[in-house]
Structure formats: structure tokens, C-alpha cells
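K.L.:
Order-wise, the sequence lines are chains A and B.
Take 19 as the starting number for the first sequence in the working numbering and just add one per residue.
Take -1 as the starting number for the second sequence in the working numbering and just add one per residue.
It is worth saying that the hints were derived from the structure and are not from the lab.
Don't be surprised by glycine CBs; every beta carbon is placed ideally from N, CA and C.
You may find that some hints are simply not true.
[To be verified] Derived contacts from chain A toward chain B, CB cut-off under 10 Å, selection only:
{"id": "1", "residue": "Gln55"}
{"id": "2", "residue": "Ser104"}
{"id": "3", "residue": "Leu108"}
{"id": "4", "residue": "Cys109"}
{"id": "5", "residue": "Trp119"}
{"id": "6", "residue": "Glu121"}
{"id": "7", "residue": "Phe123"}
Chain residues, written in single-letter form:
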Amino acid sequence: ETGVTQTPRHLVMGMTNKKSLKCEQHLGHNAMYWYKQSAKKPLELMFVYNFKEQTENNSVPSRFSPECPNSSHLFLHLHTLQPEDSALYLCASSPPEGGLWNEQFFGPGTRLTVL
Amino acid sequence: AQSVAQPEDQVNVAEGNPLTVKCTYSVSGNPYLFWYVQYPNRGLQFLLKYITGDNLVKGSYGFEAEFNKSQTSFHLKKPSALVSDSALYFCAVKERSNTGKLIFGQGTTLQVKP
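Chain A extracted, bound-state conformation (with noise of 0.2 Å):
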């Protein structure tokens, strides 16, 4: 495991509803992000904390809301989502930016179904 864990694994939610995914990560990290996996497209930077401070908004829709109470701890708030939000919604962590080639620890991921 990568020390970066996500919770639900699955979740399938109607357009109406209003759910959190959660990220922990227990690397001592600073850096953490939200990524949305599609099929057949690259992965899509959402969002980007450093330090608990968002550093990156990717022109996300504001139907995700992004917290990180900790470096630690990320959540995505999920409400009214469409259908085509459906997708693996992946969080990862990295240590602070200023190391510029540190790679990422990537959480298994939330498979997110939109009915």
C-alpha cells in the first residue's frame, strides 16, 4: 500500500444528493491533490493543496467543493452532480512543491457512479 488511504471505495449517489469522499495520507506530507480519472483521457488535476492552503483550482465546476482541515486529511464534497461526473476520483500526496521531482502516493481511489 502507498500509505494514502480513500474512503468510500464505491459510492453511487443520485443528481440530488449531497455526499464527502476522504482522503488520509500517513507519509508526513505536505502536498496533497484530487485528481478525476475518465476513461481513456488523462488523469485531470481538480484541486491542490500545500500547507492546508488551496494552491490550485483547475476550473473545476463549484458542484466540488474541496476542504483540507489538515495536511493530512482531504475531502471532495460532492452536490448535484450530473452523470458525466461519474469516474474514479483519485487523492494523492506528495511532499511540500519546493521539491519539484518528488513523485505523488496515490489513494486506491473512489469509484463514483452519478444516477
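Since chain A is already given, all that's left is putting chain B on it; use the hints.
P.N.:
Below, chain B without anything else, positioned relative to chain A:
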């Protein structure tokens, strides 16, 4: 615009044969280069990276990759494929700047047959 291309959706090889998974990139300067692997129902796992120095980089599970600056390529290779190498492989690049983000290719499925 920065981009990473993995020209093959799928690569099929027989067990024991050498394998190559191709990657080319379009990024300014001399980026950092990465390969990740994703097994079914798992997240991405880091395989190897190129920072500087020797163009041939060795990584996990017997994989290696060759950096070619003139061709802006970073192909993943293994001398002898295993059935257990079957997975989805992603190439990624990152600019050498404080604002550089990791940019992924679309992935290549490697299928190794017994």
C-alpha cells in the same frame, strides 16, 4: 500547450519477450519525467523518474526508461515481460518550475500473454 502523448492505447506482448510502452511530450525546457502503473481497482503506483544525468533510468519491478531529448521521448522498457506486468501505464511530465504541475498521458494498457 503542454501535453503528453502515449500513441498506443494497448500493447500486447508474449511473456518473456521485451516490451516497450511509448511516450512523447511537448513541454518547455527540460521537464521531469515519470512513469506510473495502475493495476485493476488500485491507485497509481510510481515506477521511475528522470531528473537529470544518465538517460537510462532504472525503476521498480525491472522496468527502465530511456530519455531522448532530441525526440522528446521517454519510452518505458523491460527486457523480459511477465504476465503480472499486465496493467495500465501512465507517462507524466512536470515543468521545472514552482508552478509546474504533473501532466499525464491518457494511458497505455499492457497485456502480457502466457
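K.L.:
Now look at each hint and say whether the structure bears it out.
P.N.:
Cross-check of the supplied hints:
1. With a least beta-carbon distance of about 9 Å to chain B, the hint placing A:Gln55 at the interface is held under the 10 Å criterion.
2. Of the supplied interface hints, the one on A:Ser104 is violated, with its beta-carbon coming no nearer than about 16 Å to a beta-carbon of chain B, more than 10 Å.
3. A least Cβ separation of about 6 Å between A:Leu108 and chain B falls short of the 10 Å threshold, and the interface hint therefore holds.
4. Here the hint on A:Cys109 is kept, as its CB sits about 8 Å from the closest CB of chain B, short of 10 Å.
5. At its closest, the beta carbon of A:Trp119 sits 5 Å from a beta carbon of chain B; the interface hint therefore holds under the 10 Å criterion.
6. With a cut of 10 Å, the hint placing A:Glu121 at the interface with chain B holds, because the nearest CB-to-CB distance is about 4 Å.
7. At about 7 Å, the closest approach between the beta carbon of A:Phe123 and any beta carbon in chain B falls short of 10 Å, and the interface hint on this residue holds.
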